[in-house]
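Hey, can you work out the whole structure from these sequences and the hints?
Residue numbers (the numbering used here), protein chains in the order written: chain A, 1 to 314; chain B, 1001 to 1402; chain C, 2001 to 2379; chain D, 3001 to 3379; chain E, 4001 to 4276.
In short, the hints are calculated from the structure, not lab data.
For each residue, glycine too, the CB sits at the ideal point set by N, CA and C.
Where hints are given, some of them may not hold.
Stated by the list, open to error - Label-pair restraints from in silico Cβ distances: (1) D:3015 x C:2069: 47 to 55 Å; (2) C:2175 x D:3326: 51 to 59 Å; (3) B:1257 x E:4010: 51 to 59 Å; (4) D:3342 x C:2256: 35 to 43 Å.
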Amino acid sequence: MTSQTLTSAAPVRPSSAESSLQRSRQRTAWLLVAPALVVLLAIAGWPLLRTIWFSLTNAQLGDLTQLQFVGLDNYIGENGVLRDAAWWSAVANTLRFSVISVTLETLLGLGVALLLNTPSRVRTLLRAAVLVPWAIPTIVSAKMWSWMLNDQYGVINVLLQSLGLIDHPLAFIADPDLTFFTIILVDVWKTTPFMALLMLAALQMVPSDCYEAARVDGVPRLRVFSHITLPLILPAVLVAMVFRALDALRVFDLIYVMTSNSRLTKSMSVYVREQLVDFQQVGFGSASATVLFLVIVLFTAGYMAFTRRRMQGV
Amino acid sequence: ATLRLECGAPGPGQNVCMDSAKEWAKKTGNEVQFVATPNDSNEQLALLQQLLGSGSDKIDVLQIDVVWPGILANQLLDLKPYSKGAEKQHFASIVANNTVAGKLVAMPWYIDTGMMYYRKDLLDKYHLKAPTTWDEMTAVAKKIQGAERAAGNDKLWGYVWQGRAYEGLTCNALEWVSSFNGGTVVDAKGKVTISNPNAAKALDTAAKWVGTISPKAVLNFAEEEARGVFQSGNAVFMRNWPYAWSVMNQDGSAVKGKVGVMMLPKGGNAGRHAATLGGWQLAVSRYSKNPKLAADLLLYLTSAEAQKYRAITGSFNPTIPALYKDPDIIKASPFMAELYPTFASAVPRPSTVTTSKYNQVSNQFWNAAHDVLSGNAKSADALAQLDGTLKRLAPAGFVAAK
Amino acid sequence: MCQIRLDNVQKRFGDNPILSDIQLTVEAGEFCVFIGPSGCGKSTLLRLIAGLEDTSAGNIHIDGVRVNDLAPAKRDVAMVFQSYALYPHMTVYDNMAFGLRHLKLGQAEIDRRVRAAAESLHLAALLERKPGALSGGQRQRVAIGRAIVRQPKVFLFDEPLSNLDASLRVKTRVEIARLHRSLGRASMIYVTHDQTEAMTLADKIVLLKPLAGQDGVPSIAQVGHPLELYHHPRNRFVASFIGSPSMNFIDATLQHAGADGLACSAGGITLPAAADARTLPAGSSVTLGIRPEHIAVGQGPLKGRVIHLEHLGEHSYAYLETPLGATPLIAKLSEQQAAIGDTLPFALPAPHLHVFDAEGDALPRLSRHDVTPAALATH
Amino acid sequence: MCQIRLDNVQKRFGDNPILSDIQLTVEAGEFCVFIGPSGCGKSTLLRLIAGLEDTSAGNIHIDGVRVNDLAPAKRDVAMVFQSYALYPHMTVYDNMAFGLRHLKLGQAEIDRRVRAAAESLHLAALLERKPGALSGGQRQRVAIGRAIVRQPKVFLFDEPLSNLDASLRVKTRVEIARLHRSLGRASMIYVTHDQTEAMTLADKIVLLKPLAGQDGVPSIAQVGHPLELYHHPRNRFVASFIGSPSMNFIDATLQHAGADGLACSAGGITLPAAADARTLPAGSSVTLGIRPEHIAVGQGPLKGRVIHLEHLGEHSYAYLETPLGATPLIAKLSEQQAAIGDTLPFALPAPHLHVFDAEGDALPRLSRHDVTPAALATH
Amino acid sequence: MKKHPVETLLYYVAVALVMVISLFPFFYTISSSLKRGNELFSTSLWPAHPSFSNYASLFRDQPFGAYLLNSVLVSGGAVLLSLGVSVLAAYALGRVSFRGRGVLMMTILGVSMFPQVAILSGLFELVRALGLYDRLGALVLTDLIFTLPFTIWVLVTFMRELPKELEEAALMDGVGVFTLIFRIFLPLLLPALAATSLLAFIGAWNEFLFALTFTISPEQRTVPVAISMISGGSSFELPWGTIMAASVIVTVPLILLVLLCQRQIVSGLTAGAVKG
Ligand SMILES: Nc1ncnc2c1ncn2[C@@H]1O[C@H](COP(=O)(O)OP(=O)(O)OP(=O)(O)O)[C@@H](O)[C@H]1O
Ligand SMILES: Nc1ncnc2c1ncn2[C@@H]1O[C@H](COP(=O)(O)OP(=O)(O)OP(=O)(O)O)[C@@H](O)[C@H]1O
Ligand SMILES: [Mg+2]
Ligand SMILES: [Mg+2]
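Put into structure tokens, the structure is as follows:
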């Protein structure tokens, strides 16, 4: 994704005249990518095309054989997705959710990864513990949190009250002022391990002699972190963030379980699912799925362009 | 032959269903296999649509929610030719609900309606009578809540119900609106009727509960959350379905023996008792390889004999009026006799007329209600807006027939 | 003032003793060179001083302060790593500037130092490159540059010139010597396997020997001025290690020992040597040692046949087959031409012969090869 | 038969020309050494031959076959990397055995080869270690071991001995020479910056010079037998690069040139030299060159003051301030003692003087310093 | 090097905090699974009378052991398959420069950008066309849609970090590209590989929508689907205790897996490979 900063790692050897050596290397490369491509095309190609085709029709879930081609009506028609205020509010919700939660997860994940990377006796335990939130199925953990955050019989309110942090129970998932942040909090709780584990792997691969050199030079730890560790693990962090962002932009289970169909927190995926399944509007739903896809593409492309520029600027 | 029967998710409910089905199998010498579906009815519907949509013969007989006949009608078998008039034994309103464009697509299986649970002991303690209108109920709830809290029971709330933005809220709100004579959102002819002062008044009444006699969290309550509060002894009134009765009277329940049941209050003296109709039906897939046999199984499962068994072992409310007089049943669930009028006059949601658009209608309705409840919108505005939205959904009005 | 004192320092990796019983003082401003066979623990010792490894036992003092528990950063040392340890994602400039940035030096000062170092190391044209696009020698120079810009109290160099070509090597060597002189009181500890470097730079050479898994033997074979190690190796190990090609050794039997020297026989030939062997009984086994450059070829009573020749331009080395023993003697021939197969007369001058007893310890030499004050004065 | 022929080979990184116009033949069984300043492209040239880099232009033939498009594995070459490139997750044994495993050699044969190599490289005790637990020198030896077990047609060594101590270095050097001899027709290409290594091992030395960004200049400064480069450097670059310490250079003006030599003046002093300058007009600027070992100290018409002394045990180098020019002359003193500040008489013997014209090209020498057949015969 | 005591203290405080936050909900899950009836609605941290009846009913009503096995097969299969395929692709994409590489990377990423529910019906047809409906194979295949892009991208990133000298050494040793990938790079990528496969495994393990849609018979059911199908006496009643018990059972194998992967997750392997 990003043009590599690590020169020692860069496989790229620009050469004006491509030798056949290089060509055979490239042939090998294509052969090696082929299985992945074939699998992906096979399982994703047809469904994706179909979705896009449906988005141009008025198909209904009840009977997919009876449909009419309606062109871009589902997108820009009078009742098209792009004219639906609910859609745009879902887009706004989702973007807000993604940006905040991915940012928090990255920061916390980094912190946790650093903890995990510190040799100590409790490390094994910690590593297993940290992964637990990620291991519990989302549906279950969302329900669990709803349960725990309930203002009537939720244990969190009781704990917070007994610690004296709040004086009356908070309706975390019902109070419109709190729901959004509650959802983000739960998402952060759940997916920080994902970030942490990937970053830990990246940390493990930083050559140790760089640290030694910095230690001897007396570089303060914070600087070592920001100038050596961070740049070296940055590619991995960015990839982790991309995948987190992709997931966050498609967030569904969590919001669906915790706040059902409330407009205040409805995400793009909830919207899509609602149209596609609950409302039977396969045509319209597919159109909104496609728009969701485009939003994600735009977002990712923008993000990558941004990080690439930043990384080259360093 | 082997039939595949879908009657809910594994658990006590399914066991009761399986008992009857096995009974039938033994009698007729066929085999019945059970197909499980998720507990969550949304997921259940999605799965069924996916399966039926692909013309799969993996299911012969399936259970469907009271609001689904309109949605699934195309995939279901018309039972008229097989029923030989059996449907006439059942509540007419439900049979009407299950008849789409003249086809009987499902047979009633058991019935659910909203009902009001209350704490007999608390009302007795303060010498209060069971209220009949919402205002009375509010007053009673307020009084008991205040007194009890003063006495140190500071977790007590007056009234809990289902305020989450989901189908349950549609049921609750429909009850309020109907009880104030505000109609049923869309009338039987397909006309949108929701924007009217009575409906607005109904929503305003409910909105006032939030934060006073109902916890703020009620805005995210479904059935179980409400029951959780009530069953822990922390609420005076609760709106819920019949299932709560047996659960709350089990051993270990804090309110065992202290619970009374009554009809949902009227919207003022001019109003009426309105309870939303819920419950499940059985239907036969159009793609069944053995439609005749499947219909036979279905008819057995919905027969008086089977319904009686279910009523006694699982307190599933029968859909056959005659059974409400059956002494065995009354002995097992005394409230069934008491609430018979509720069952008989339950208000169906406008699903038959809106057919496949029902979910959209309901979704818009509960969202409007939720907005009002959470104080984000004024009731009149919200309803006017809802009216507009619904009219855009069906510019020419909803038409049942396809 | 930055005297470094190691007190009975030990280091083991797991069960493997690597360094034992290190007793060493490097005076302030001194240039100390560690040499020793590959794997004997030179880098490890350096890393102990830098604080990158923990001692298994013993104390390290810098400036009189016990630093065992002090972080490397607090010790005010700069180190050039044998593996370079460059930051792969930074340019050459940043690699050098990085260690300075947190010292609050001011951008201008940092720039000045970096450019000065780059200039003297011929790196000026490469400042914008990243390590991946550098040659081996260039990387090594960057590593050196990174240390010298820091101007610390103590420099630790781990084979800093091993990848440089001869002329750059000499230049950099002179640069380091100049640096040492100019910094006055900064101490330098320098690991090298290049004898010329060791000889020309060192005030003091520390010769380490591998423990080979045994415990209890001190790791330091000999400490002293370069010429002392050259002329007065304390034992056979030192004698063979210092000097290249290595000293020739001849097994012999002591015949007679007196105050003015000894006589011994090897391969039936009697050889006199200027060493004091009076502590040994006649008939003891001894080993004679003589450096290739001290064998006087061209005249003398002995004869050797040339079996191999190495030409080094200015001079060559002849491998001589002699009756003195099985291993050929290596002799240095200056200018003079010889061909393989020639038989050459030669002598082993008694004053140049080293004599070692059966344990390998050197016997006191009677001839004077002292390190003169004049010679020392140059450093 | 594995002659290697490079035909007009060029290499650029991006826009930067690194190697240009490389015209070189390494005969079958020849031992060819690449030397040159750090960063001049030695490793790159080696990598071109190995097939790890693509040539930007020109052809490479091995055994008469054009290999430009042949994968490295197909060229039957083994390479020792300057940066070792050991497999960090494999033991020393596996590192060496890895390349053999796919050759279908049989377990016993692999084991035999690995153990033999380990033995000769003193690695036997380390076979079970992983690279992370080895010293720098040990890693380098593993890298060498990995190449020699393969027994390929062509060996490429990139500074294989730079991290070894002197004695091991000599031993390994001899080992490599022996290997070369024993393998008979395997060619070896060897990069080093160690002149001794270059001189002792090479049949042919290739001296590369850095292009410094210019294009069109051939990269090879001179190719030839070691002694040829030593005695007959083709130009000033070669003269200064070969020999350590480097040759002394004195700026002078040609006074008179004849068939039997020339006379020129430097610092007002007239110096004769045995070179043929008849192509130059009198009054031309020339540069005189003389190696430190050829300055005859102790007698002679010239006088120099010792300003610095380097002691190397056997001999020392004196830096002499002379009236001939600003840069001090470096002279080798053997045995004889001198102190800083002494004034020494010396001579610059005419037969040993090299003369270069204003472009730096050497003038033909009149004295004979030929590579004798006898000297060549040793290889 | 001894650490400053304050630092050690801070470290342990941070560790304790992270542990509590991560584990508390799980702890509460366990505690809930041991509660019965009305106790579920109480806020006590630990039931007064822990009971295993929820676990008992779980295994009585459904063959939960078989579901666990199904989940293991599906997730394991999906992860192995995607690793096998993606390691090859990652080598090509990460270490060989060829035209179209960027587009390829983006395409692979793009595949995982559609919401799953939108491609569900297309996938359903595909699964039926391949005759995989109601087979575990269908799940293995469809799970690849999200595991594969993830593993490819992550491995590409890590693949690039490896020193190029290693590859060249192997090239000189004349090993084939497969040996290079599997014998040289793979061991070095172990930390990354362990992390990636663990994450992908958990993703596949928790996958619900495909598992629900593409299987129907109980023999093919995976655990998340089974959990969603746990019901109480009626469709409204949420059998909370049983669900909690099931959640504990789903999570435990994953924790075991993490403990198993310990060594692979932490291993600084590249030490000593090259200098500089
Ligand atoms: N990937 C690269 N991109 C750009 N320039 C490079 C790259 N690799 C090497 N160079 C440059 O090419 C030149 C030759 O490098 P090479 O490694 O061949 O030098 P060398 O002769 O082996 O030097 P040394 O003796 O220091 O190892 C150097 O100036 C180096 O900076
Ligand atoms: N991490 C380690 N674990 C075990 N043994 C080690 C480790 N690091 C080094 N050693 C061993 O310790 C010994 C000393 O290593 P050190 O690197 O200090 O040697 P050195 O004298 O610098 O050698 P060289 O001249 O080859 O660089 C070696 O035999 C090496 O194998
Ligand atoms: Mg070392
Ligand atoms: Mg090189």
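For each hint, the structure was consulted:
1. Judged by the Cβ atoms, the range 47 to 55 Å given for residue 3015 of chain D and residue 2069 of chain C holds: they are separated by roughly 52 Å.
2. Checked against the hint of 51 to 59 Å, the C-beta distance between residue 2175 of chain C and residue 3326 of chain D comes to roughly 19 Å, which is inconsistent with it.
3. One distance hint, 51 to 59 Å for the beta-carbon pair residue 1257 of chain B and residue 4010 of chain E, holds here, with the actual separation near 56 Å.
4. At about 41 Å, the CB distance of residue 3342 of chain D to residue 2256 of chain C agrees with the hint of 35 to 43 Å.
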